[in-house]
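2 protein chains.
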Amino acid sequence: MTSSLRAVSPRIVLHLKPLLVSLPQLSASVFSPRRLFAPINPRALLCTAAARDNGGRSGALTGPPVLEEEESVTKIDVNPPKGTRDFPPEEMRLRNWLFHNFKEVSRLYGFEEVDFPVLESEALFIRKAGEEIRDQLYCFEDRGNRRVALRPELTPSLARLVIQKGKSAPLPLKWFAVGQCWRYERMTRGRRREHYQWNMDIIGVPEVTAEAELISSIVTFFKRIGITASDVGFKISSRKVLQELLRRYSISENAFGKVCVIIDKIEKMPIEEIKKDLSSVGLSEEVINELLQVLSVKSLTQLEDILGSGEAIADLKHLFSLAEKFGYSDWIQFDASVVRGLAYYTGIVFEGFDRAGKLRAICGGGRYDRLLSTFGGDDLPACGFGFGDAVIIELLKEKNLLPELSLQLDNIVCALDQDLQGAAATIATILRGKGQSTDLVLENKPLKWVFKRAARANAQRLILVGTKEWEKGMVGVKILASGEQYEIKVDELD
Amino acid sequence: MTSSLRAVSPRIVLHLKPLLVSLPQLSASVFSPRRLFAPINPRALLCTAAARDNGGRSGALTGPPVLEEEESVTKIDVNPPKGTRDFPPEEMRLRNWLFHNFKEVSRLYGFEEVDFPVLESEALFIRKAGEEIRDQLYCFEDRGNRRVALRPELTPSLARLVIQKGKSAPLPLKWFAVGQCWRYERMTRGRRREHYQWNMDIIGVPEVTAEAELISSIVTFFKRIGITASDVGFKISSRKVLQELLRRYSISENAFGKVCVIIDKIEKMPIEEIKKDLSSVGLSEEVINELLQVLSVKSLTQLEDILGSGEAIADLKHLFSLAEKFGYSDWIQFDASVVRGLAYYTGIVFEGFDRAGKLRAICGGGRYDRLLSTFGGDDLPACGFGFGDAVIIELLKEKNLLPELSLQLDNIVCALDQDLQGAAATIATILRGKGQSTDLVLENKPLKWVFKRAARANAQRLILVGTKEWEKGMVGVKILASGEQYEIKVDELD
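So the protein lines, in turn, are chains W and Y. Numbering (UniProt numbering) for the first sequence: 1 to 494. Numbering (UniProt numbering) for the second sequence: 1 to 494.
Where hints are given, some of them may not hold.
Just so you know, same-sequence chains aren't split out, so a pair can sit in one copy or run between any two.
[As the list claims (entries may be wrong)] Derived lysine-lysine pairs resembling BS3-like cross-links, with alpha carbons at most 30 Å apart:
| id | residue 1 | residue 2 |
| --- | --- | --- |
| 1 | K82 | K128 |
| 2 | K298 | K103 |
| 3 | K317 | K472 |
| 4 | K103 | K223 |
| 5 | K165 | K399 |
| 6 | K103 | K434 |
| 7 | K82 | K317 |
| 8 | K452 | K468 |
| 9 | K265 | K82 |
| 10 | K103 | K82 |
Just so you know, the hints here were simulated from the structure itself, not pulled from any lab data.
Pulled out of the complex, with its shape left as it was, chain W reads as follows (with noise of 0.2 Å):
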C-alpha cells in the first residue's frame, strides 16, 4: 500500500492514520474494525475532510503520472455503509437463489410482479400510533426541497400505486414485490438497516380466504427451501380481538392503533412499562388486566368462551378450516398475544416464528381494510404480508439446510499462444451462440493456471487453442470432470 500513500494530504493521514490499519484484513478476522473504532467514525472524517479539502494539492509527483491534479487519496473505508451490505459473487448467488423461490412461488399463485421507487415522499410513511418506524426513517430534503425517505416498508407505496391505478385496474389484484427497505435500527447480530423483503398482497378480496392464500403461498415457498412445520409455525390472532374487548369497555375506538402497536412490544419490554404505556393511552387497570388475560389465550374455544360469537371468531374459525382444505393446519396456531407493529392492520394478523425460539419473527402480514383511506382514497379490502432476507437465511445456517452455490461454467476458452487470442475470441463466440457459458481467457496464462480457474469456475470443458490443430481448423477439448481428452473440427463443436 506504500505506493498509494504517496499522494496523501499530510493533514488528513494526520488524522486518520490509527484507523487505517488495514481494514479489510481486519474485517476478515472476529474483531470488526466497526465495533473497535466504534466512537470515530473514519468515513464521517474523510468526507468532510475531502468536500473541503479544494487546495490539498500533492507536492513532487515521481513515478507514474498521477491524472488527477486534486485528487489526492483519501484512502476510503472499504467497507460498505454501517448496516449495510455488499453482495460479492457467493452472497449475490445466494440472493438470487432466495429471490428466484420468492418469485417463483408468487408465479405458481398467479401473483404479478410489481415495484416502487426506493426513495418515497416522506408523508407516505408518518402515521401517528407511535410506531417504532417513523423514528427509523431514513429521511431528508432533496435538491428541489422535498421531504423524502428511502421506504421502510412496501406497503405504503403499494397503497399509492392502488389508488392511482384507480378503476383501470380489474379487482382483486394480486400483487408481489421483492424491494430493498431502509431502517436506521439500533444494530445487534443479524440486524442491518437495509434488508430484501418479499411482499405479496391481494386488494380486492374482503373474504377470510385472501388471508389463507397468502399463508398457503409462505408455507408452499418454506417447503421448496426445505423447511417443514417442525421447524417454523405460524401464529394466527386477529385485531379484531382487541376491537371487540375494547368496544366491551367503552373504549374509543381511537386508541386502537396505539393500543396495537404498545401489544406488540409485550417480548421486548418489562410487563410494567407496556401497562404504564396502556395507561397513559386511557386504559384503566381493569380493563389493562383483561386484555393482557386475553392476550395469553390460545385456543380459539377458550376465545369464544371469552368473547362470544362475533366477527373475530368467525374470521378465525373460517381461516382455520379452510387452512385444512389448504393443506398447512400442521404449520398453523391460534395466539391472541400476535398483533403486529404496524398501526393499519385491521383484522387477521400472521406471524412466522421459529419454533425454536432463537429467532425474531420470520415474517408477518395481515388485513389492512382502511389503509388507502388514510391517504385520501377510497377503501378497499385488502391483505398482505412481509418476509425479509435476513431471519430466513440465519434459520437455513441453523437448520443446516443453506444451498451449495457455485459458480458453474460451461467452457473456458484459452489461446495457447499470444497470437491466438483472435482465434480464441471466434470460438467463444461460436460457443456463446450455442447459449453455452463461456470464460474466455484474455491474457496468455500457464495452461497451470488455466485449469486453476477452470476447477475454480466448476468448467466442464477447456477449450484449446493451439497453433497446430487450428492450421487445422481444429482446437483441442478438455472434458474436466473425466479427463478425456481429444481434438475436434471447430464447425463440429458443440
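With chain W fixed as given, assemble chain Y onto it according to the hints.
Okay, now just chain Y, sitting in the frame of chain W:
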C-alpha cells in the same frame, strides 16, 4: 372520495384544496399535474403539515369507525416522487425482460453477479475534475451523522469491494451488476432521476482483449433483443490520444482529467464555451485549436499520421483487429471525439450510439487503470461499461421492437358454490404442487366474471369445482383457447 374527506383537518384542506383535484385522473391525461402545479409542491406542504400536526383531532366521528384518532386524512400525491417510477405489472414485465437479457448475456460471458448498497458513503463519489455527477448527488446526513449518498453509478462501489477483497479474489475478476442509480438531473423528456444500470467489469487484465470482450457482450445483447448494426454503432477512441497530445505540448499531466470532462460536453455546449473552459485549465489557444482538430479525426490512419506510433494507436489497432475475430467489425468506428464524462478513464473509451441520431448515448465505458489508488488501494488494470435501462427502451420503441409481454397463467380455479371454496383451494394446491401457475378465485363470482378474468390473464384452463362433480371426486375443465370442455377425476388432473 367524499367519505374519505370526513376526517380531514380543516387547516390542511384550506391550504391544499386547489392542488387536490383528482390527481389520478389528471395524470392519465397529457397534462401532468406536476407540470401544472410545478411552483408549489403539494407533497412538501403535506409532509410538513403532517409532521407538525400532532393535535389535529377530528370532531364527530359518525359512520364506520376510524381506527386512528390522529390519522387525519391528508390526501397524498398518488404519483411517485418527481423523476422516479412505479413499476405496475406491465412495466415490471418489461423491466424483467430487459434485466433477464442483461443477466443472460453476462452469464454467457462467464461473468459473476455482484451488488453493492444503494446508499454509500458520499466520499466515494466526490472527485474533483468538475464532473456533473458531483452536483447531482442525492446526498444527506444520516441519523448517525454520516455523509451518505444514493449511488449515482456503480463503479466506485465496485472499486471499493475489489480493494476490500484484496488478494482473496483471484484475478481477473469478471463481475456484472444490474443496479439502480440516482442523479438529481434537470428533467427532460425520457430523462429521469433514477435509472437501472447494467455494468460489466473486468479487473486484472491490462490488454485490450478485455475491452474487446466487453464490447462483444454488448453486441450480443443488442442482437438478442433484435437491434442490428444498422440501428446502433460504437464510437471508440482512447484517452491516450489526448494524453499523448498534451504531453507533446508539455501540458501538465494534471490537467488531463479536467480536459476530458470539458471535452465530453462538446456536443452539449457552444464551442466558444468549451474553448473558454479549456483555456481556464491552462491550455493555450494553439493547443486548444490542435486539440479540437485532432478530436474531429474519424480515421485511425489519419490519427497515426498526426500522433505517430504510440500506445494510443497500438491499443486502438489491436482492438479493431480483435473486433474482426469476435465478428463485430460492422458495429464499431474510430471517433476521436469520444472521451466520456467520468474523470477516471485512462485508456480505451467507447460509447454505443443510435445511428438515427435521435437519442442520447445508449451505453458507455472504458478503461480505468488508476481508480483504485484514488481510494487508497493498489491499482489494478480495469475496464467496464454502464448500460442504462432508459435509452434502450426508447430505441426499442423507435424501432418497433418492444416485446409484447402479457400475463400468462396455466389455470384459474373457481368454486361454483360458496361451500366449495375449500375444495377449490385443495385443487389449486394440487396444481401448484405440479408447478402450474394457478389463480384461485377467492370470492363467489358469476361465471361471466371468471371468464373475463381468465381471458385477461391468458389462462390456459379454467377448472370449475361444482357440487355434483365434486361428489364424484371430479372437476370440470375448460380449455380456453379451443373451448373444449370435459370432466376429470381429481387424481387424474395434470
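To see whether the hints hold, each was checked on the structure:
With identical chains, the CA atoms of K82 and K128 are at most 30 Å apart both within one copy (28 Å) and between copies (26 Å). Taking the closest pair of Cα atoms, K298 and K103 never come within 30 Å of each other, the shortest separation being 33 Å inside a single copy and 48 Å across copies. Proximity of K317 and K472 under a CA criterion of 30 Å is satisfied inter-copy only: 27 Å between copies versus 77 Å inside one chain copy. Within a single copy, K103 and K223 get their C-alpha atoms as close as 14 Å, and across copies as close as 27 Å, so both meet the 30 Å cut-off.
In this assembly of identical chains, the alpha carbons of K165 and K399 lie at most 30 Å apart only when taken from different copies (29 Å versus 43 Å within one copy). Within a single copy, K103 and K434 get their C-alpha atoms as close as 27 Å, and across copies as close as 16 Å, so both meet the 30 Å cut-off. For the homomeric pair K82 and K317, neither the shortest alpha-carbon distance inside one copy (45 Å) nor that between copies (46 Å) is at most 30 Å. Taking the shortest Cα distances, K452 and K468 sit within 30 Å of each other inside one copy (24 Å), while across copies they are farther apart (66 Å).
For the identical chains of this complex, K265 and K82 are intra-copy neighbours only, at 26 Å inside a copy versus 37 Å across copies, given an alpha-carbon limit of 30 Å. Proximity of K103 to K82 under the C-alpha cut-off of 30 Å is found in both arrangements, the shortest distances being 29 Å within a copy and 29 Å between copies.
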